[in-house]
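Q: Next come the chains, spelled out residue by residue.
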Amino acid sequence: GAVVSQHPSWVICKSGTSVKIECRSLDFQATTMFWYRQFPKQSLMLMATSNEGSKATYEQGVEKDKFLINHASLTLSTLTVTSAHPEDSSFYICSARGGAGARGEQFFGPGTRLTVL
Amino acid sequence: GENVEQHPSTLSVQEGDSAVIKCTYSDSASNYFPWYKQELGKRPQLIIDIRSNVGEKKDQRIAVTLNKTAKHFSLHITETQPEDSAVYFCAASTHTGNQFYFGTGTSLTVIP
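Each protein sequence line maps, in turn, to chains A and B.
Residue 1 is where the first sequence starts when you use the working numbering, and the numbers rise one by one after that.
Residue 1 is where the second sequence starts when you use the working numbering, and the numbers rise one by one after that.
No wet-lab data here; the hints were simulated from the structure.
Be a bit skeptical, because a hint or two may be false.
[Claimed, not checked] What follows is a list of derived Cβ distance ranges for each label pair:
#1 B:81 to A:42: 24 to 30 angstroms
#2 B:59 to A:59: 28 to 34 angstroms
#3 A:14 to B:42: 47 to 53 angstroms
#4 B:27 to A:61: 40 to 46 angstroms
#5 A:61 to B:61: 37 to 43 angstroms
#6 B:61 to A:27: 44 to 50 angstroms
#7 B:1 to A:20: 27 to 33 angstroms
[Unchecked claim] A few chain B residues that face chain A, going by a derived Cβ cut-off under 10 angstroms, partial list only:
#8 6
#9 42
#10 85
#11 89
C-beta: ideal position from N, C-alpha, C; glycine also.
Could you build all of it, start to finish, from the sequences and the hints given here?
A: Shown next, in the form of structure tokens:
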């Protein structure tokens with residue numbers, strides 16, 4: 001149980017294009033999903049927290065107009081990197097947390113490697 | 001906001017020895033402290049967690065201790081094996097789980 005998937009696993013795009021990354025909880029309902037960014041050999045940096053049906057809460061320094069997050073259902077959250085530039089190249093990982101009664105642990109997706117040319 | 005610090009950043013031990021990784025946190029409201037293991041290019045995997053109502057938790061070769069007064073918690077791996085080599089992250093979270101912050105990571109290498 002507690003499987004989280006991400007799609008795509010790897011994407012290469014041209015500068016200026018937008019890229020959408022999907023995060024799905026496959027066998028549980030995720031009331032909260034988190035989006036992280038990870039640079040090589042560095043820690044996970046929390047970008048935003050999204051609760052189903054409400055607007056995402058962005059961490060300080062993260063541009064909400066650049067990183068659009070939608071948590072439309074209890075099993076799906078999407079992150080759209082708008083007008084991507086080379087500095088947006090990174091490993092993006094989502095995680096999901098269960099609903100009422102959940103112990104609080106997060107389950108991570110496999111990550112999406114974004115390369116912007 | 002929460003600030004989680006982790007030490008050391010790199011750690012090498014001989015196979016069979018013990019490894020200890022320490023973390024401190026700043027927000028006294030944090031009460032859930034998980035540890036994750038991340039192998040290169042893979043997702044973080046939860047290996048053990050502890051909540052603020054206990055001081056120590058053990059699962060086979062892995063143990064975690066928590067000192068809530070001092071705001072620090074540690075991961076202990078005994079009888080290390082080469083497959084324990086990975087990056088380990090500590091994290092701190094509140095009960096609601098809507099604030100979740102990671103330490104900077106420790107790259108553990110177990111030398112056969």
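Q: So does residue 59 (chain B) sit 28 to 34 angstroms from residue 59 (chain A), Cβ to Cβ?
A: Given a distance of about 31 angstroms, which is inside 28 to 34 angstroms, the answer is holds.
Q: May I ask you to test the hint 24 to 30 angstroms on the CB atoms belonging to residue 81 (chain B) and residue 42 (chain A)?
A: Holds - the Cβ-Cβ distance for residue 81 (chain B) and residue 42 (chain A), about 26 angstroms, lies within 24 to 30 angstroms.
Q: If you take the shortest Cβ to Cβ gap from residue 89 (chain B) to chain A, is it below 10 angstroms?
A: holds (6 angstroms)
Q: Okay, residue 27 (chain B) versus residue 61 (chain A) on CB: inside 40 to 46 angstroms?
A: Once the Cβ atoms are compared, 18 angstroms apart, the range 40 to 46 angstroms for residue 61 (chain A) and residue 27 (chain B) is violated.
Q: Checking hints one by one. Is residue 42 (chain B) an interface residue toward chain A, by the C-beta closer than 10 angstroms rule?
A: Holds: closest Cβ of chain A sits about 7 angstroms from residue 42 (chain B), inside 10 angstroms.
Q: Do the Cβ positions of residue 14 (chain A) and residue 42 (chain B) conform to the proposed distance bound of 47 to 53 angstroms?
A: violated (28 angstroms)
Q: Does the hinted range 37 to 43 angstroms hold for residue 61 (chain A) and residue 61 (chain B) at CB?
A: Distance hint for residue 61 (chain A), residue 61 (chain B) holds at roughly 38 angstroms.
Q: Quick check on residue 85 (chain B) please, does its C-beta sit within 10 angstroms of some C-beta on chain A?
A: With Cβ-Cβ at 14 angstroms, over 10 angstroms, it is violated.
Q: Given the range 44 to 50 angstroms, decide if the beta-carbon distance of residue 61 (chain B) to residue 27 (chain A) lies inside it.
A: 29 angstroms Cβ-Cβ, so the 44 to 50 angstroms window is violated.
Q: Can the hint on residue 6 (chain B) be confirmed by a CB-to-CB distance to chain A that is less than 10 angstroms?
A: With a minimum Cβ separation of about 8 angstroms from chain A (threshold 10 angstroms), the hint on residue 6 (chain B) holds.
Q: A range of 27 to 33 angstroms was offered for this pair. Does it hold for the Cβ distance of residue 1 (chain B) and residue 20 (chain A)?
A: holds (28 angstroms)
Of the numbered hints stated above, those contradicted by the structure are hints 3, 4, 6, 10, listed in ascending order.
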